[in-house]
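Enquirer: The primary structure of each chain is shown beneath.
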Amino acid sequence: AQKITQTQPGMFVQEKEAVTLDCTYDTSDQSYGLFWYKQPSSGEMIFLIYQGSYDEQNATEGRYSLNFQKARKSANLVISASQLGDSAMYFCAVNTGTASKLTFGTGTRLQVTL
Amino acid sequence: GAVVSQHPSWVICKSGTSVKIECRSLDFQATTMFWYRQFPKQSLMLMATSNEGSKATYEQGVEKDKFLINHASLTLSTLTVTSAHPEDSSFYICSAESGQENTGELFFGEGSRLTVL
Chain Z
1 AQKITQTQPG MFVQEKEAVT LDCTYDTSDQ SYGLFWYKQP SSGEMIFLIY
51 QGSYDEQNAT EGRYSLNFQK ARKSANLVIS ASQLGDSAMY FCAVNTGTAS
101 KLTFGTGTRL QVTL
Chain B
1 GAVVSQHPSW VICKSGTSVK IECRSLDFQA TTMFWYRQFP KQSLMLMATS
51 NEGSKATYEQ GVEKDKFLIN HASLTLSTLT VTSAHPEDSS FYICSAESGQ
101 ENTGELFFGE GSRLTVL
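Same order as they appear, the protein sequences are chains Z and B.
Residue numbers for the first sequence, in our numbering: 1 to 114.
Residue numbers for the second sequence, in our numbering: 1 to 117.
Worth flagging that the hints you see were computed from the coordinates, not collected in a lab.
Where hints are given, some of them may not hold.
Unchecked claim - Label pairs and their computed distance ranges (CB to CB):
1) Gln69/Z - Ser15/B: 44 to 54 Å
2) Gln60/B - Glu44/Z: 19 to 29 Å
3) Gln83/Z - Leu68/B: 35 to 45 Å
4) Thr17/B - Gln69/Z: 46 to 56 Å
5) Glu59/B - Phe47/Z: 14 to 24 Å
6) Ile12/B - Ser74/Z: 24 to 34 Å
7) Ser15/B - Asn67/Z: 45 to 55 Å
8) Ser41/Z - Val3/B: 16 to 26 Å
9) Thr31/B - Lys16/Z: 42 to 52 Å
10) Ser41/Z - Thr80/B: 26 to 36 Å
Unchecked claim - Mimicking EDC-like on lysine to aspartate or glutamate, the simulated pairs with C-alpha atoms at most 20 Å apart in a straight line are:
11) Lys3/Z - Glu15/Z
12) Lys14/B - Asp88/B
13) Lys41/B - Asp55/Z
14) Lys41/B - Glu44/Z
15) Lys64/B - Glu110/B
16) Lys41/B - Glu110/B
17) Lys14/B - Glu110/B
18) Lys70/Z - Glu56/Z
19) Lys73/Z - Asp55/Z
20) Lys41/B - Glu56/Z
21) Lys3/Z - Glu59/B
22) Lys14/B - Asp27/B
To be verified - Okay, the calculated bits of chain B under chain Z, using three or more residues with CB under 8 Å as the criterion:
23) 62-70
24) 86-95
Note that the structure is a prediction, hence the values are computed from the model and not measured.
Every residue gets a Cβ at the ideal spot worked out from N, C-alpha and C, and that includes glycine.
If we strip away everything but chain Z, and leave its shape as in the complex, we get (with noise of 0.2 Å):
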């Protein structure tokens, strides 16, 4: 079984700076990905950012970075130059083998003030 940690309940960043949701994982499996959900108010889920466990880099898509510590399996997100948008629920989640399966996290809610 797969299990997710997300300790920050909820996050303040102002405009413009970056911010670092946190996530931990712990799974026996050799081979899984991990992902980064933004949920708004509306529901939707949004697809962030995607590492798989046997990529040696950290995956970025735009102002998303992950910060992969497979030693101590962590998998945070950097969000870079904050934007009010970024208002939302975020959820880290976890899937292995080839499987769509998520096991998500408790998730984080951040909020951009001005």
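Since the structure of chain Z is provided, determine the placement of chain B on it from the hints.
Expert: Quick look at chain B alone, frame taken from chain Z:
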């Protein structure tokens, strides 16, 4: 990119009635779909895996007779909440797998918010 659509987005029903939620893959064939449930301010919890042409696989603790899943075609899976009660009020969201190797992007529907009075 691929699109997954859910319908209805919002539904309010009386206790004891059944409600059907549809999940459609609009531009790809989904051999597997997943149904999640999300209570307010909580995470998504997987309810079941829906496989086209076969019975759904339910997660531990999910009543299969309560939450009926049908995956009759490669583009449609339905979740029926039978004899709904107020405790079934929740946000239900589906995701779909295209059958390709894990490319990192999974496709979620917009979600369906169920309120049982």
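Enquirer: Each hint: holds or not?
Expert: Status of the hints after comparison with the structure:
1. Gln69/Z - Ser15/B: 44 to 54 Å: At 49 Å between Cβs, range holds.
2. Gln60/B - Glu44/Z: 19 to 29 Å: 27 Å Cβ-Cβ, so the 19 to 29 Å window holds.
3. Gln83/Z - Leu68/B: 35 to 45 Å: holds, 42 Å
4. Thr17/B - Gln69/Z: 46 to 56 Å: Distance hint for Thr17/B, Gln69/Z holds at roughly 50 Å.
5. Glu59/B - Phe47/Z: 14 to 24 Å: With a Cβ separation near 22 Å, Glu59/B and Phe47/Z satisfy 14 to 24 Å, so the hint holds.
6. Ile12/B - Ser74/Z: 24 to 34 Å: Between Ile12/B and Ser74/Z, where Cβ atoms are some 42 Å apart, the hint is violated.
7. Ser15/B - Asn67/Z: 45 to 55 Å: holds, 47 Å
8. Ser41/Z - Val3/B: 16 to 26 Å: holds, 21 Å
9. Thr31/B - Lys16/Z: 42 to 52 Å: holds, 44 Å
10. Ser41/Z - Thr80/B: 26 to 36 Å: Between Ser41/Z and Thr80/B, where Cβ atoms are some 27 Å apart, the hint holds.
11. Lys3/Z - Glu15/Z: violated, 32 Å
12. Lys14/B - Asp88/B: OK: Lys14/B and Asp88/B at ~11 Å, within 20 Å.
13. Lys41/B - Asp55/Z: violated, 32 Å
14. Lys41/B - Glu44/Z: holds, 14 Å
15. Lys64/B - Glu110/B: Roughly 23 Å separates the two Cα atoms, so the pair is violated.
16. Lys41/B - Glu110/B: holds, 17 Å
17. Lys14/B - Glu110/B: Violated: Lys14/B and Glu110/B sit about 23 Å apart, past 20 Å.
18. Lys70/Z - Glu56/Z: holds, 9 Å
19. Lys73/Z - Asp55/Z: Distance ~14 Å between Lys73/Z and Asp55/Z Cα, so the pair holds.
20. Lys41/B - Glu56/Z: violated, 34 Å
21. Lys3/Z - Glu59/B: Holds: Lys3/Z and Glu59/B sit about 15 Å apart, inside 20 Å.
22. Lys14/B - Asp27/B: violated, 34 Å
23. 62-70: Not satisfied, violated; 0 residues make the cut.
24. 86-95: holds (count 3)
In the structure shown, a violation is registered for the earlier hints numbered 6, 11, 13, 15, 17, 20, 22 and 23, in ascending order.
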